[in-house]
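The working numbering applies: residue 187 is where the sequence shown begins, and numbers increase by one.
By construction, these hints were calculated from the structure, which means they are not laboratory data. Source: prediction; values computed, not measured. Note that the Cβ used here is the ideal one computed from N, Cα and C, for glycine as well. Among these hints, one or two may not hold up.
Here are the in silico distance ranges between beta carbons for each label pair [unchecked claim]: (1) K194 / L237: 18 to 26 Å; (2) P245 / I287: 31 to 39 Å; (3) Q229 / G258: 21 to 29 Å; (4) V257 / Q231: 33 to 41 Å.
No more than 25 Å apart at the CA atoms, straight line, and that leaves these computed lysine-lysine pairs for DSS-like [as the list claims (entries may be wrong)]: (5) K194 / K251; (6) K194 / K244; (7) K194 / K230.
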Amino acid sequence: DKTSGQVKQLIGLNENIEGRTVVVLEDIVDSGLTISSINEVLQKQNPHEVLFASLLIKPDSIKEKVNMDYVGMEIPNDFILGYGLDYNGHGRNLTDIYSEIN
187 DKTSGQVKQL IGLNENIEGR TVVVLEDIVD SGLTISSINE VLQKQNPHEV LFASLLIKPD
247 SIKEKVNMDY VGMEIPNDFI LGYGLDYNGH GRNLTDIYSE IN
């Protein structure tokens with residue numbers, strides 16, 4: 187598992203979301219820590235609802251229970267990169283998604 191396990195908040199909310207529907211788009215859900223952290227921050231703002239969508243999810247690596255509303259594909263707990271997914275800034279611009287071979 188090569189995820190850092192740390193959630194960094196770089197930019198806070200710039201909009202009032204009270205009473206509104208919020209849709210959070212994620213590229214991949216590994217541990218669930220990011221989604222859980224985002225949900226905690228958003229719920230403090232009293233939205234009408236918060237929906238979560240992710241292109242990819244690794245069910246076998248989930249450490250924090252998450253309720254995903256939309257998932258493109260469930261994948262094994264392999265290290266992947268490409269097509270927007272990077273490793274230390276590398277591989278993000280690849281046109282396909284690749285899995286590490288052990």
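Going down the list of hints, with the structure as the test:
no. : hint                    : verdict
1   : K194 / L237: 18 to 26 Å : holds (23 Å)
2   : P245 / I287: 31 to 39 Å : violated (21 Å)
3   : Q229 / G258: 21 to 29 Å : holds (25 Å)
4   : V257 / Q231: 33 to 41 Å : violated (25 Å)
5   : K194 / K251             : holds (19 Å)
6   : K194 / K244             : holds (21 Å)
7   : K194 / K230             : holds (18 Å)
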